[in-house]
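These protein sequence lines are chains A and B, in that order.
Residues -13 to 97 (my numbering) make up the first sequence, in order.
Residues 5 to 518 (my numbering) make up the second sequence, in order.
A couple of the hints might just be wrong.
Label pairs and their in silico Cβ distance ranges [unchecked claim]:
#	chain 1	residue 1	chain 2	residue 2	range
1	A	T69	B	D212	30 to 38 angstroms
2	A	F12	B	P236	23 to 31 angstroms
3	B	V39	A	V36	26 to 34 angstroms
4	B	R362	A	L59	45 to 53 angstroms
It should be emphasised that the hints constitute simulated quantities derived from the structure, not laboratory data.
Glycine included, C-beta positions come from ideal geometry on N, C-alpha and C.
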Amino acid sequence: MEALIALTIGTLTGCGVYLVLRARTFAVVLGLTLLSYSVNLFLFATGRLVVGLPPVIGAAASHADPLPQALVLTAIVIGFAMTAFVIMLSLRTRAELGNDHVDGRDSAGQS
Amino acid sequence: MTTVLNWLDHLVIAPVLLPFAAGVLLLLLRDQSMVMQRSLALLAGLLQLGLTIALLLQVADGQMLVYRLGNWPAPWGIVLVADRLAAWMLLLTSLLALCALVYALGGSDRQGRHFHVLFQMQLCGLAGAFLTGDLFNLFVFFEILLIASYGLALHGGGPLRTRAGLHYVVMNLLGSTVFLFAAGLIYSALGSLNLADLAAKAARLPADNLGLARAGGLLLLAVFGLKAALVPLHLWLPAAYANTSAAVAALFAIMTKVGIYAILRTHTLLFGSSGGELAGLFDPWLLPLAMATLTLATLGVLAAQNLGQMAAYLVVASVGTLLAALALGLPGIAAGLYYLVHSSFSAALLFLLADAIRRRRPLAGDRFTPDADMAQHALWGSLFFFAAIAAAGLPPLSGFVGKFLILRATPQHPWVWAVILLAALASVMALARAGSALFFNTTAALARTGNLAGTPVAPLVPLAAHELLAIGGLIGLILALTAGAGPVLDYVQATAAQLADPALYIQAVLGAGR
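Using the sequences and the accompanying hints, generate a full structural model.
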């Protein structure tokens, strides 16, 4: 299971980094989203992976670490708000600069 | 422990709550008259200044005020910690914010919606970031100050501002992701997020977790380096600062210092003398990064095409100087804390002057190209001369005191002298060129030599009250910092001494038993 989680996080991060380095805002926003997915999974795994245990002390023989779950929840909320903001901002850039290049100019070099 | 609290116990959280409450109130009053919103914002700014002064007086004797949110005991609940460093940064923030706010009242707060709400939320995030004693809470306050700063940076609109804003937002969102990775790594290695608890646990870190903790620590340095605009993560700053409105740029002079503060806090607390295997994790990085930042930023200063851009590169250069100071041990940190205040004030002053000059040159704005002879050029020339002396760190102003102290702290690194002094020389040259281009290279002079036919006339824009108050206030603060260098130095030296002993912080938060 550790290998699968690690592979998933690694793939998501790799794809996210690749997309963030693209020149169009749509790809960049998608990359940021993938990165926030991967970091949420990563945070979840920082409490060590356990199966079928409640995050409550005394309810079972052992317990899952509840703190990373709280952290993930916070990170998801913040990440969601930031994604909404960056989508609005890239739409506005598209409207004001006339194209969706991150530097506001198309490949032909016109500004 | 008594459960009855007096108001002094809540003084620590007040600088976070006051701007938050003011921001919410301003949001509710958004349809009311501008006069009312402005008076409320100004009142909140003045109250914040009073609060931070009161907090500074409380902690000046070396006491550390610890505020346990919800009264949860320390490693489990979130704590706010006011020590000398936090109080110092808070006072700087509220002084700078008041000057920026006064300047914005001149009219730039009308250019978009919700300026005052965002401004107060920015102050809330800044105060929280300086006060918090919890790594994840630091992330949350970073997000609060960042999302407010996104709104402020875009305030007023325009294609250039939007484009620079997009870069700023994307870079900082990436930074936030990396921050989460770093916090996760540190939690998985050390099992805590409370800064004091982390510092206590770092000393007895199990060997097989050392790699995780080191990776997390260095990722933290990368994130804070992005906030502080260290090379090679500085590229977002010049465009974002040069293209935003002047009052916002003046407030943003503190934003890079948040990164510097976070580096200093983790450098001295988590990876400080008591850090066991992790002690000195940042040591091999700080000085080379500082020198690279200073060098590249100085080249940027030399190449700048207008005054706003030049001021932005001077901000990056001052970050390089500051980081060099932090790498130089106890006397260096004291000198750095003095220079930090000076560099924030002088950067803000230069941004405000750039805007004031831009409004008085009809053709070129603040670009270094010929324009009509400015009305009241003696006044603006003198003000620019003052700001240039402050920014370059020449005597007799406080920049010289700060740089002198930093140089005195570097006996074992003679090459640091060379870089800092050469950078200062280059800034002097660039600022002198800027001054002559703005004030002497007029179209009238061009017309006399036959290079231009017909001369435009600069409009007489009288000195407005907001300009007088904001620019005059910053000049007064720089003069006060120069004249009061003695007492200020006593304070920053005491601050550095407090930072050098992480046990004080750990004891204050976790209690003497640990």
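Hints, one by one, checked against the model:
The hint said 30 to 38 angstroms for the Cβ distance between T69 (chain A) and D212 (chain B), and at roughly 36 angstroms that hint holds. Restraint check, F12 (chain A) to P236 (chain B): a C-beta distance of roughly 26 angstroms satisfies the suggested window 23 to 31 angstroms. A beta carbon spacing of about 60 angstroms between V39 (chain B) and V36 (chain A) contradicts the range 26 to 34 angstroms that was offered as a hint. The supplied range of 45 to 53 angstroms is met by R362 (chain B) and L59 (chain A), whose beta-carbon atoms lie about 46 angstroms from each other.
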